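Q: As you go down the protein sequences, you meet chains A and B in turn.
Residue numbers for the first sequence follow my numbering, beginning at 4 and rising by one.
Residue numbers for the second sequence follow my numbering, beginning at 949 and rising by one.
I should point out that these hints are in silico values taken from the structure, not numbers from a laboratory.
Only a predicted model underlies this, so the values are computations on that prediction, with no experimental measurement involved.
Note that CB positions come from ideal geometry on N, CA and C, so glycine has one too.
Careful, some of the hints might be misleading.
Claimed, not checked - Straight-line distance between alpha carbons at most 20 Å, and here's what the computed DMTMM-like set of lysine to aspartate or glutamate pairs gives:
#, chain 1, residue 1, chain 2, residue 2
1, B, K1012, A, E245
2, B, K1155, A, E240
3, B, K1176, A, E245
4, B, K1129, B, D1084
5, B, K1012, A, E43
6, B, K1155, A, E43
7, B, K1176, A, E43
8, B, K1012, A, D61
9, B, K1012, A, D59
10, B, K1155, A, E245
Said to hold, decoys possible - If the Cβ cut is set under 10 Å, some of the chain B residues that face chain A in the computed set are:
#, residue
11, Q1021
12, A1031
13, A1046
14, L1170
15, E1174
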Amino acid sequence: MANTLPTKPGRTPLDALLVTGAVATIGLLIVVPLASVFAEAFSQGPQAWWEAIAHDPDTRHAIWLSLTVAPVAVAFNTVFGIAAAWLVARFRFPGRTLLVALFDVPFSVSPVVAGLALVLIFGRQGILGPTLAWLAMKVIFAWPGLVLATTFVTLPLVVRELIPVMEAIGPEEELAAVSLGANGWQVFWRVTLPNIRWALLHGIVLANARAMGEFGAVYVVSGHIAGATDTMPLRVEKLFQEYRTPASMAVASVLAALALVTLVAKVVIERRLEAESRDLAAVRNVAAKSDPSPS
Amino acid sequence: MALGIALAFGCLGCSGQAPQGEGKPTRVELLNVSYDPTRELYRDINAAFVSHYAKEHGTEVSIKQSHASSGGQSRAVIDGLDADVVTLATWPDVEAIAKAKLIRPDWQNRFDNASVPYHSVVVFVVRKGNPKQIADWADLNRGDISIITPNPKTSGNGKYSFLAAWGAALAAGGSEEDARKFVAAIYKRTPVLDTGARAATATFSQKGIGDVHLTFENEAHLEVAESKGTLEIVYPRRSIRVDPPVAVVDTNVDSKGTRHAAEAYLGFLYSPEGQAIIARHHYRPWHGATGSTPPADLPNIELFDVTFVAGSWDNAMQKFFGEGGAFDAIYQPGAGT
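For reference, chain A alone in the conformation it holds in the complex (with noise of 0.2 Å):
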């Protein structure tokens, strides 16, 4: 994308216009709202930001529950999701498109329905509800309710990622290693996931980084217990909610960093890319041409 910016704007009125527009709109929209996190989770300086971040019990617990949740639901997704992409890339089957268009469905669909779904499915009066009580085990307004429903909304993340990745690599060198005498690991680690390595790891920065985030899934099975069931976006909330502005945007204000950390990792990742498909292609060119063709 950046390549086919003009490399010197402003040449006319119009440009200038419309750069100063686009300008304006990010600054308004972007850069802003961002600052005036960072702004009010300092307002009272550095030390009264530690202290809201480092010394409130609740808020501890709710960033202690956010770093464990997200990487389970994150793990998960990355295994479902290399799974269903070596799936959906590798076979054809009845079904397949139907099983491509739901992977889509936690994007579709309403994160607060996703959760409502969750209440009924595992809740007191749910239809697993009676097995669960039978088994003494909690779900929902709990650390697993949490779970599910952050690995919910975060499903097509990672598996979206990877199908375009397999299908343009194709199944050549897998099929290479097998007649080489590579068993199914083998072609796994030493063929499939090198192949895909960035691809994949995209999907888990974009995947974690969403994971992190989410609010309206979360915030209905949560139950809302303080320093059991918050996770920093709906610490976030409470904080605000409880006229403790500037300790709530110090909340805000490590998500946003955290936010920012994953947007250099993208950049990264996205660099790699490219360069990883530029290189696929010339492989390919050469290979196209040290073809002997019998002419």
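Fit chain B to the known structure of chain A by using the hints.
A: Only chain B this time, still in chain A's reference frame:
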């Protein structure tokens, strides 16, 4: 797939939430599921009760709090939120849990004053200096006034505001039809209908939307104190008496073995120490509201209760807030949110 994860991590979940061992009564954990505006009240009540209970019984109690809209909280307890006690805004919210058989049907008789340890009233919060000259309910009829109040379907604050407006029209000598028109006019000029009381407060005070905020007296005092002089309270001539009931969630405390502490906790609300904390947070102590004078900063205005407006809570729910009730007929979603 979802089930797979649930099973895989279910054990982590239960070990974290394990009931306190029966053999070790020295530590008890209670979960108080409450409505929106009681956050600050229960922070103080909990601290006082923890030291009180440790002194009396040598048991260390830790109390966790959950706050959201009263209706939503009731629903969450029915869906399995593990509350030991509920301290909600309205009778129907507790009764719904009793109907789901988690609370015994006689819950109202288990504590004094029909299990209502404190009252409040619905008042107006306006911008400093009252620029729109809002003095009483009739002023809300004016076309230039925009009103903030939460959704009566989900919020206790919302229900009481609705009932207060309806009752005020009746008490001023109006007919049922006059009351319906008056309340309809109010919701026509309600630009945002938040799900809970605290979200509505944020809409009015922090986001600066609306000319008047209909809310509980206790919430109004907190809102004005936090506004740094930009808001003030207006007391209408009459208003509704708010009766937020409390109950022990029998099924949960019996399975967790926390009944003694849970009952002592709600009982503590009625103690002189509990009632003093209640008064400090601008709720009306229960003995004060039923006859004698309320604390000095809570003026004695003319009060009616839900029976005056609708006969009973069951009627009110059916007539006003149920499917196809008066609120459904009045509120045009397109005009609001």
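Q: Under the constraints set out in the numbered hints, which ones does this structure not fulfil?
A: 5, 13
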